Amino acid sequence: MFRTWIRRSVRFYGARHAVLGATLALTTAILCAALLAGHSLQEGLRRGMVARIGALRSAVFFPETTVPLARADDVQGALGALLLRGELLDADGNTCADNVQIIGIPQQPAAALNDRGRAVMPGDAGFIRFRRPSGLSVELPLGQAKAEMVRRAVRFGELEMRNEGLGIGEIRLPPDFALRPSTVPPINVFVPYDFLAEAAGLEGQANLFVSRDEALRLKLTPEDIGIILGEFSVTSDMVVKSRRVFLPRSLTKPPSSVEVWGWGLFHLADSFEAGGRESPYGFVAAISSDDFTIADDEININEWLAETLGIGVGDSLTLRWRRLAGNGILEPDSRAFRVREVIPTENAELIATGLMPTFPGMEGVDSCADWDVGLPMDEDKLNDPANEAYWKEWRTTPKAFITYAAGTNCFGTVFGDAMYIAGKDWAMQDFVQARLTPEDAGMVTFALAAEGAAAARGSTDFMGLFAGMAFVLVAAALVLASLTLSLVLETRKQEVALLAATGWPRGRILRVVVAEWLWTLAVAAAGGVALGYGLAHGLVW
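Residue numbering for the sequence shown follows the numbering used here, starting at -8 and increasing by one per position.
To be clear, the hints were calculated from the coordinates, so they are not data collected in a lab.
There may be inaccurate statements among the hints.
Below, computed lysine-lysine pairings styled on BS3-like, alpha-carbon distance capped at 27 Å [stated by the list, open to error]:
id, residue 1, residue 2
1, K210, K415
2, K415, K244
3, K210, K244
4, K383, K372
From a predicted model like this one, the values you see are computed outputs, not experimental measurements.
Just need the whole structure built from these sequences, with the hints factored in.
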């Protein structure tokens, strides 16, 4: 009888139940859509994080240099690779995409693209193009200015282990691997390590190391990060130099307990002028040493420069150069010095051989006109016969020497404080080992798991945001539903009174009314959830 009463009542008042049910369903749909849309966005961020780093937890990257690939073998659970940025070209040589990640992985069988790479690449054959990394800042005046472009033909196969990535053993690089979180996956080109290393001239070198451990620790030696320790033939002491021209600042300020007898830097001057004569382009050495005791306004020159300019001790020499200003502009400058001493050119050459670093743009060059440095040069001066003869015989041997204080005042220390330091063997070795860190080589550490989790969470609570944005609509729908329910109950007051007059207890009347409307609420809630699910998909779409 109870069920029959409810069934007939719902049928009799069907229109009222339908109106109230539709109102409640709309309220539920709005709230569910807001919460589901926020959750789906967070889930999308989480899936993007998994696609970017997979099971990796940490990584280290050397953006400007490389270290031996074998260092990955010293750390259990680490994978070394070579990551270069370049362009992806189709079979006709047309650029499909720039800023592409070209990743060379050991034991990678063939070239392959991730999904985004496949989307922009029209066929299976194409080219990759990139610059050979130099390991030097592009703004360095004595660095190599013309980086060689490398282009290699590749044929792309299927990306193996698409769901797990590429790598050795349990260490995998996901197809959409990237060091930084991004809403758009990068275009990744995976190639065999040997193929990429040979093309870039970096055999046995790597600049990317990844691990499934929380913190990746590489064991690097000073030689690994470009620090050269050699013997100075003049004094048989140790000289510390860098393949990156300037030494890290952590090595240029040794404590008083370390016996250092000299340090300095070198600068390419535009000209040396005296008595109406000029010698273009030559190095000036700014050195600090116990044996080098001249004033800051004095200069020592070699015999070749003295003969070329026709000057001697006590004469005035004007030095002209360009220095890098804070805004990146080369500003011409000049200063007059008094000649303190004329030294044999052979002695100057000994100093150059032992103390000067290797300048990539001048290494192995036979003519001044072929210099590849980051300074605009005067072609006429580069072809000066006398200077050309000097270069063929003496190479980078400095033409003049000034104090370190005068050199830093004239040339500045934008890129570093010194190009070499020299001292006693036993003291220098311990000092370098204690002070030098991988960060001095530009190493960047990435906590992939922590950064990925933070990126997946986002800076905003999306569920709270969408629910708050939908609050007005939800409140309006609730008010409408409550008004509709009160109106329905108001029209049935006489029915309730009649049931009470026939002897029905108040509790039984309440059970009948609640049971009747619970069916409507249940159906409305289920319909609202389904509608909200569809609305959430529409919002995300």
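Task: Index of numbered hints that the structure contradicts, given in increasing order - done: Going through the list in order, the structure violates no hint and respects every one.
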